[in-house]
Amino acid sequence: MNGHRSPFSANPLAATGFLIPAIVAALLLAALPLALVLSKAFYDTQVRDAFPQTLEALAGWEASARLPDSAPDALAHDLKSAYADQTLAGAATKLNERSSGLRSVIMGTARRLARGDGTDIAATLQQSSPLWAEPQIWATIQAAGKPFSLVNLGRVFAPSVPAADGAARTIGVYGDMLVRTLTISLGVTLLTILIGYPLAYTLTFAPPGLKRPLFLLSFIPLWMSLLGRAAAWVILLQKNGVVDTVAQTLGLASEPLGLLYSRAGVYIAMTHVLLPCFVYPCYSAMANIPRNHVTAALSLGASGWRSFRIVFLPQTLGGVAAGATLVFVLSMGFYLTPALVGGPADQMLSYMVSEITLKIGDAGMASTLAALLILTMLIGALAIHLAVHLLRRLLLLGA
Amino acid sequence: MKQVNAIMGLLAAGALLFLLMPIVTILPIALSSGDYISYPLPGLSLRWLSQVALHPGWREALANSIFIALGSAMLATLFGTLAAVGLVQAAPRQARALRGLLMLPVAIPSVVLGLGLYFLLARAGLLSTYTGLILAHATISFPLVMVVVGASLATTDLVVIRAAQSLGAGWRMIFLSVLVPMLYPAILAGFILAFLNSFDEVIVTMFIAGPEQNTVPRVLFANLRDRLDPSVVAVTVLMLLLSALLGLLLQLLARWTQRRPADQ
Numbered sequence: 001m002n003g004h005r006s007p008f009s010a011n012p013l014a015a016t017g018f019l020i021p022a023i024v025a026a027l028l029l030a031a032l033p034l035a036l037v038l039s040k041a042f043y044d045t046q047v048r049d050a051f052p053q054t055l056e057a058l059a060g061w062e063a064s065a066r067l068p069d070s071a072p073d074a075l076a077h078d079l080k081s082a083y084a085d086q087t088l089a090g091a092a093t094k095l096n097e098r099s100s101g102l103r104s105v106i107m108g109t110a111r112r113l114a115r116g117d118g119t120d121i122a123a124t125l126q127q128s129s130p131l132w133a134e135p136q137i138w139a140t141i142q143a144a145g146k147p148f149s150l151v152n153l154g155r156v157f158a159p160s161v162p163a164a165d166g167a168a169r170t171i172g173v174y175g176d177m178l179v180r181t182l183t184i185s186l187g188v189t190l191l192t193i194l195i196g197y198p199l200a201y202t203l204t205f206a207p208p209g210l211k212r213p214l215f216l217l218s219f220i221p222l223w224m225s226l227l228g229r230a231a232a233w234v235i236l237l238q239k240n241g242v243v244d245t246v247a248q249t250l251g252l253a254s255e256p257l258g259l260l261y262s263r264a265g266v267y268i269a270m271t272h273v274l275l276p277c278f279v280y281p282c283y284s285a286m287a288n289i290p291r292n293h294v295t296a297a298l299s300l301g302a303s304g305w306r307s308f309r310i311v312f313l314p315q316t317l318g319g320v321a322a323g324a325t326l327v328f329v330l331s332m333g334f335y336l337t338p339a340l341v342g343g344p345a346d347q348m349l350s351y352m353v354s355e356i357t358l359k360i361g362d363a364g365m366a367s368t369l370a371a372l373l374i375l376t377m378l379i380g381a382l383a384i385h386l387a388v389h390l391l392r393r394l395l396l397l398g399a
Numbered sequence: 001m002k003q004v005n006a007i008m009g010l011l012a013a014g015a016l017l018f019l020l021m022p023i024v025t026i027l028p029i030a031l032s033s034g035d036y037i038s039y040p041l042p043g044l045s046l047r048w049l050s051q052v053a054l055h056p057g058w059r060e061a062l063a064n065s066i067f068i069a070l071g072s073a074m075l076a077t078l079f080g081t082l083a084a085v086g087l088v089q090a091a092p093r094q095a096r097a098l099r100g101l102l103m104l105p106v107a108i109p110s111v112v113l114g115l116g117l118y119f120l121l122a123r124a125g126l127l128s129t130y131t132g133l134i135l136a137h138a139t140i141s142f143p144l145v146m147v148v149v150g151a152s153l154a155t156t157d158l159v160v161i162r163a164a165q166s167l168g169a170g171w172r173m174i175f176l177s178v179l180v181p182m183l184y185p186a187i188l189a190g191f192i193l194a195f196l197n198s199f200d201e202v203i204v205t206m207f208i209a210g211p212e213q214n215t216v217p218r219v220l221f222a223n224l225r226d227r228l229d230p231s232v233v234a235v236t237v238l239m240l241l242l243s244a245l246l247g248l249l250l251q252l253l254a255r256w257t258q259r260r261p262a263d264q
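Residue numbers (UniProt numbering), protein chains in the order written: chain R, 1 to 399; chain F, 1 to 264.
Chain R on its own, in the form it takes in the complex (with noise of 0.2 Å):
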């Protein structure tokens, strides 16, 4: 090999400039977006950016000492300009996060202050709330002002936490929805392999003539609308729909499955939709093993089966770790499929953190569902190659 030669050589920058637009995107769009996100997961200004005054008044104190003077007033501005700006309901929400209540408290003391009944802030205070007459409610603010905190992340695999009235509440919902996700995902994975094998096996040992019209009728699947396919299982999956009537008529079933809005019913859609992401790997890899090992395997003397455990199977390995990774990695990250096929106990990451960000509004809780999203997926990913390695070992330690 001689060095890189540039088909532009004589203007090297001018084609580097090609790549300007695409860039700028990748790092504008995608980049800055996830560091976004990540940031959010630890980091997170809205109480800090709600609450100046109060924050500074508080500066230094603690809850043991007498609550320094200029903080109600302090408060009573940063309400009514939080209100104003409709940047308050967010920073009521974090609040709420560590001491349950705490939102409507908030909430109806900047209603009754933006009526502006009343100059007395004090008295004001204490007639939307006798929480403020306790430390307590001024040393969450305290709290929730330093914009770093593992809260979120602590309230994911917390199985409670402590509320304003003493009660514990149960959040552990979102630690079901990680293990949830990743068992889907497992699952779909684990089904890909062993449909999408023999098809991949068939397509790269079908005669000549067969091969084309194989190839189109596996992977037209592919191209076909996500949505499109996840609307089709809706359809065919519902009570007396189409698989309910095959199955009666040929006698598997006497009564209607009940497969849409179940597990079940997320798998067979998973797996249909992710097998194509399986199959072109896995055929890739075996299209490239030299058809004369498995020959002189049969040559030798061993049976077919065997000749296929031994040396065809470990070769393909690498294929098929390519192509589970793909798919555990596309599964893990899906929302369309279990959102219209599942029921509620089968929705996962993906779906809660959409959820939470448009309908709670609890940007920095689904920025850190999402950033466990990412590592969970990157961990899964690593787990499934290494199994896939040993597995290759014990095959070849096993001939």
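Treat the hints loosely; a few may be bogus.
Straight-line C-alpha distance at most 20 Å; calculated EDC-like pairs for lysine to aspartate or glutamate [as the list claims (entries may be wrong)]:
(1) R/K80 with R/D120
(2) R/K80 with R/E56
(3) R/K146 with R/E97
(4) R/K239 with F/D226
(5) R/K146 with R/E56
(6) R/K359 with R/D346
(7) R/K239 with R/D120
(8) R/K80 with R/D69
(9) R/K239 with F/E212
(10) R/K359 with R/E97
(11) R/K359 with F/D226
(12) R/K359 with F/E212
(13) R/K80 with R/D49
(14) R/K239 with F/D35
(15) R/K146 with R/D49
Source of the hints: derived by calculation from the structure; they are not laboratory data.
Chain R is fixed; fit chain F onto it per the hints.
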């Protein structure tokens, strides 16, 4: 080995049946004359297809979808084609790093990208705007164009570039009068892929689009969760058919590109 082949063939037939069954069974339902989604069909009619074609909600969504898909596909084709050509001239090590960065938009899960764009576009004041949507869709589509055009460039003899250079052509002229004419089947394929990708996109759109920016996938997604009627099936079938037809066109383009060097 025959035994292994037979078992594998049987399993593969089952896999193919599983892959194709839903698509094949759903097509006729769009032509049903009945009020419900069920087999056997009571009769054939175009009533659901025509109802979709005349419904103002679907028509508005279709217009939005086409506008966004065309705009973003044009941008994505421009960015992706330029990037593919730019990568050819970069040194291999830099090219690998750059490709990693440029593939980022398709490597990030849609929900994560949607959430990040929601934060970013909110700050930029581009939430609920067509500009924001088109830029976002162009970003998630240009890597596809880059891959398709890059694959075509890899099988092209780039000595023509040197030839053009030795004749005194500048890079702009090389791009427009040498590379674009040589690569246009791949560029067209990239455009179709980018169009389809945008036309099918619902997750990122959901985060950054406003209520007046309904797209076909958005309306379909909402309808699928609320109520199922044959008009939903009709739209599903139309989306599947559109993507399958464009997919077939892509296959033809790919075969055409492969055959071209021999023609010349």
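Do the hints match the structure? See the list:
{"no.": "1", "hint": "R/K80 with R/D120", "in the structure": "holds, 15 Å"}
{"no.": "2", "hint": "R/K80 with R/E56", "in the structure": "holds, 16 Å"}
{"no.": "3", "hint": "R/K146 with R/E97", "in the structure": "holds, 15 Å"}
{"no.": "4", "hint": "R/K239 with F/D226", "in the structure": "holds, 15 Å"}
{"no.": "5", "hint": "R/K146 with R/E56", "in the structure": "holds, 12 Å"}
{"no.": "6", "hint": "R/K359 with R/D346", "in the structure": "holds, 19 Å"}
{"no.": "7", "hint": "R/K239 with R/D120", "in the structure": "violated, 63 Å"}
{"no.": "8", "hint": "R/K80 with R/D69", "in the structure": "holds, 19 Å"}
{"no.": "9", "hint": "R/K239 with F/E212", "in the structure": "violated, 34 Å"}
{"no.": "10", "hint": "R/K359 with R/E97", "in the structure": "holds, 16 Å"}
{"no.": "11", "hint": "R/K359 with F/D226", "in the structure": "holds, 17 Å"}
{"no.": "12", "hint": "R/K359 with F/E212", "in the structure": "holds, 18 Å"}
{"no.": "13", "hint": "R/K80 with R/D49", "in the structure": "holds, 13 Å"}
{"no.": "14", "hint": "R/K239 with F/D35", "in the structure": "holds, 16 Å"}
{"no.": "15", "hint": "R/K146 with R/D49", "in the structure": "holds, 10 Å"}
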